[in-house]
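Line order of the protein sequences matches chains A and B.
Sequential numbering from 1 applies to the first sequence in the working numbering.
Sequential numbering from 375 applies to the second sequence in the working numbering.
Simulated from the structure, these hints should not be mistaken for laboratory data.
It cannot be assumed that every hint is accurate.
Stated by the list, open to error - With a cut-off of at most 27 Å between alpha-carbon atoms, the simulated DSS-like pairs for lysine-lysine come out as follows:
#1 A:Lys229 - A:Lys143
#2 A:Lys61 - A:Lys140
#3 B:Lys712 - A:Lys291
#4 B:Lys649 - A:Lys348
#5 B:Lys667 - B:Lys576
#6 B:Lys558 - B:Lys521
#7 A:Lys320 - B:Lys596
#8 A:Lys269 - B:Lys380
#9 B:Lys649 - B:Lys556
#10 B:Lys379 - B:Lys512
#11 B:Lys667 - B:Lys512
#12 B:Lys576 - A:Lys320
#13 A:Lys261 - A:Lys116
#14 B:Lys521 - B:Lys469
#15 A:Lys140 - A:Lys206
#16 A:Lys61 - A:Lys143
#17 B:Lys521 - A:Lys277
#18 B:Lys649 - A:Lys370
#19 B:Lys558 - B:Lys512
#20 A:Lys143 - A:Lys277
#21 B:Lys380 - B:Lys556
#22 A:Lys261 - B:Lys576
#23 A:Lys291 - B:Lys556
#24 A:Lys206 - A:Lys118
#25 A:Lys261 - B:Lys521
#26 B:Lys667 - A:Lys325
#27 A:Lys277 - B:Lys649
#28 B:Lys378 - B:Lys667
#29 B:Lys667 - B:Lys507
#30 A:Lys261 - A:Lys61
As the list claims (entries may be wrong) - Stretch-level coverage of chain B by chain A, calculated; a stretch enters the list once three of its residues show a Cβ under 8 Å from a Cβ in chain A:
#31 524-536
#32 644-653
#33 656-662
Note that the coordinates shown come from a computational prediction; the quantities given were computed from them, not determined experimentally.
A virtual CB, placed ideally from N, CA and C, is assigned to each residue, including glycine.
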Amino acid sequence: MGVNNNVLGLIFASMHDSTVVELTKQRTMGSILFGGRYRLIDFPLSNMVNSGITEVGVITKSNYGSLLDHLGTGREWDLARKQGGLNLLPPFSQNTDGVYRGRLEALNNVWSYVGKSKCEYVVLSDCDFIANVDFADVIKFHKENDADVTVVYGKYRYNEESGSGVDVLQMDETDQIRSVLIDPQIAGECDICMDMYVMRKDFLAKIVKEAAARSQYSLIRDFMQARCKEFNFMGYEYKGYFSRIDSVKSYYEANLALLNKENRDALFKTNAPIYTKIGDNGPVKYGLDSKVANSLIADGCIIEGTVENSILFRGVKIGKGAVVKNCILMQATEVGAECQLTSVIADKNVVLEEGRVLTGSDSYPVYIGKNANL
Amino acid sequence: MNAKKKVIAMLLAGGQGSRLYALTQNVAKPAVPYGGKYRIIDFALSNCTNSGIDTVGVLTQYQPLVLNEYIGNGQPWDLDRMYGGVHVLSPFETKEGADWFQGTANAIYQNMRFIERYDPEYVIVLGGDHIYKMDYSKLVEFHEKNKSDGTIAVIDVPMEEASRFGIMTVDAENRVVRFTEKPKHPDSTLASMGIYCFTWQKLKKYLIENEEANTGSKDFGKDIIPAMLQNQERLFAYTFDGYWKDVGTLDSLWEANMDLLSPSVPLDLYDRSWKIYARHNNMPPQYIGDTAKIENSMITEGSSISGEVDFSVIFSGVTIEEGASVNYSILMPGTVVKSGAKVEYAIVGENCVVESGARIGTSPEEAENRDDWGIAVVGHNVTISGNAFVKPKDIISENM
C-alpha cells in the first residue's frame, strides 16, 4: 500500500480548451497529443500515480470521445482498481445547464463522487502544464506549513506573446501567497500558477458549497484571489523543467523543446515514468536512404526520407526523397515521396501525397487538421 | 461449471535452448528477446489471440522466472480472461511423487487435468521457439473438414534441407502416409513445424498409452505421431506458406532478426490486422542525434542514437554514442555502446556495456579463413572493456 492512499486526484481535462482551438476542435485539452507518444493528461495522471495516489477522477466537459478511448479502464496507469482507481466524470446537470464555467462549478457537479471518497486530501490539476511533479512532496509541504491551500508555481518568463490566461502569484519570503494576479499585463520573470492545488477535502467541500450558494464558479478568481488575505495560501515552487500549452505556437515549441536532452531527462525520469496508452506498434524502421538528425521518433514509424529537428508520433510514414524539417507529425501521418515540409504541424491521420511542398515558419507553423488529405 | 471451450492451446515453453548458450543462461528460450521489442514467445501468444483462441497453457520448466514475470496475467496479449486466459503450468508434485516434464508428450500428459477443465474438442500444441504469423483457426477448420484425428502443420522446404527436419509424406488428399525424422533420402519436402491440432479425446488416449508404454522419449514426433500412424488414425498435413523460422541457434536467431530488415522477407510487423503484442516498458520515443547515421535498421523506443547504425536491430533503451558503430548486429535492451567502440556481426545481450575502443565481431570479408568466422555473442549484463576484442564465433558470458 502506498503512503498516500488518503489522497484523491482530480484532473480537469477540459480547462483551457479554448486556448488552442485548432487542436481541441475534436478533443479535450487533456487528449492533445504531445511528445511523440503521449497525450497531455498523461503528465498529471502519471505524476499522481507516481506520487502514490491510487484514486483519480477526470472531469470532462465536451468532445471527450478521444479522452475516453485513451484512458479506457486506466490500466496503463495502474488505475484499473476495485478500490479507488480511475473514474471518468463527464458533465451532468445539477444546478446549471450541464456545462460548467469554472472549477468550483465543475466540482459541485461531481461532488457526489468526490464526497463519497474516503480521502483526506485532494490534489487538483489541469492539463496545460507539462511537468514531472512529485505531489507527495507538495502534500508534505502543505502539511508542514499548515496551509489551507497549496498552489504549485514555477518561474516563467512572461511577455506579451505568452498567450492568455496566466495567473501570477505574489508571495512573501515564506512563500505565503499575498496576492493573485489574473492575466496581468506585465513582462519579465514571474511566479506563475501551474494550475495544481492541494487542500483538505473538507476544506474544498466548504468552498465548493459556498461558491454554489453565491453563484460563483471560478476557483482562482472567486476564491484564491478574493480571499487571499483570509486564509493561509502557500506557494510550492516546482523547480524542474516544465512547459505550458496556451497557443499553437507554444504547443509547437514545447514539443521541439524535447529535442534537448536535459528537458527530456527532466520529464521522463526512470523512477517517475510517464505512462500512456500502449499502441502495440513495431520498432521504427529506417530505410536504406533514410537520414535522421536531432529528432524524436515514436515506435511504428517507417522512415525512407530525411527528417531533421522533428517529432514523429507513432506510425508516421516518411516516403523516399521526402524532406521533413522542424515538424510535428502526429499519429499515422503519411508523407509521400519527394514531399518537402518545413515547420508543419500535422494532426492525426493526415495524408500528404507525393511531391507536396508546405512551408511554415518557426513563429507561425502551418497547422493541418485531423484526417486531412492533401 | 463453465461452458466448454472448443479449442485450447498448449504452448511448450520448457526448452532450455542450450544452443543459444550465453543468451539462455538464466532465461528460458521463449523469453529470449527478438525483433527489437518482442520476446520469441510473443509470436505464438499473439497468434493465439489473433486466431480467437483465448485459453492457453504455457508449459515451463527451465529457468521460468523471467518467463513467468513476462507473461504475468496475460494482459498484453488480451489473455487476461474471467474464464480461460493464459496459465503458466510448471511441474508439480502429486501423491505419487514429483516429476519433471520428461518429453513433449509427457508435459501435456502431466497437465491433462488443466485441459479437461475446459473440456475442449480440439487441442493445439505449439512450440515456443518459432517466429511466424499463423491463423490457427484455419488449421482447426482444415482439421474439422478432413475429420482428422491429428493435423500437423507443415512447411515446404528445399529438397537439400529436407534431411534436417521431420518429413511428412502425404497422399493426394494430404493424408499423412509416412513420417520420417531427419531422413537421409527424403521422399517429400513437407517439414513438420512442431505445430499440431488434435481431437482431444483421441490425443488423450494416445497420451495415456504412451505413458503406460514408458518409451523413455515420451515425445510427439518420436512416439505419438508414429503410434497414431501405425493404428491408421486420420492424420493430415496442413501446408503453411508464410514466413517461419526456428530460432534455436545463435546463427538462426541472428538471421531471423536480419530477415526483418530484408524487404523480400514476408514477416510484416506493421500489419495492424495481425499485431504482435508484447509487454511494454514505459519509455519515451527514441532520440536520434545530430551525428547519427542510420541505414536499414530497426530501433525501439527509449533508445538514444548518436553513432552509426547499419543493418541492425536495436532494442529499447539502447545508447549508441557518437563515434561508435554498429553493423549487422543485434543489441538487446539497455545496452550501451560507447564512443569509439565497434560492433559488427554480433549479438549483444541485455544491459551490456561496450566500452570505448572495444571491438566485438568482424565482417566475414575480414576473416582469413571463412570457417573460423561466425557471429560474435555477448551474454546479458556483461561489460566489454576498452582494449578487449570479442573474436568472431566467440561466446562471452563474463566481463572482459
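Hints violated by the structure (numbers, ascending): 2, 5, 6, 7, 8, 9, 11, 12, 13, 14, 16, 17, 19, 20, 21, 22, 23, 25, 28, 29, 30, 31
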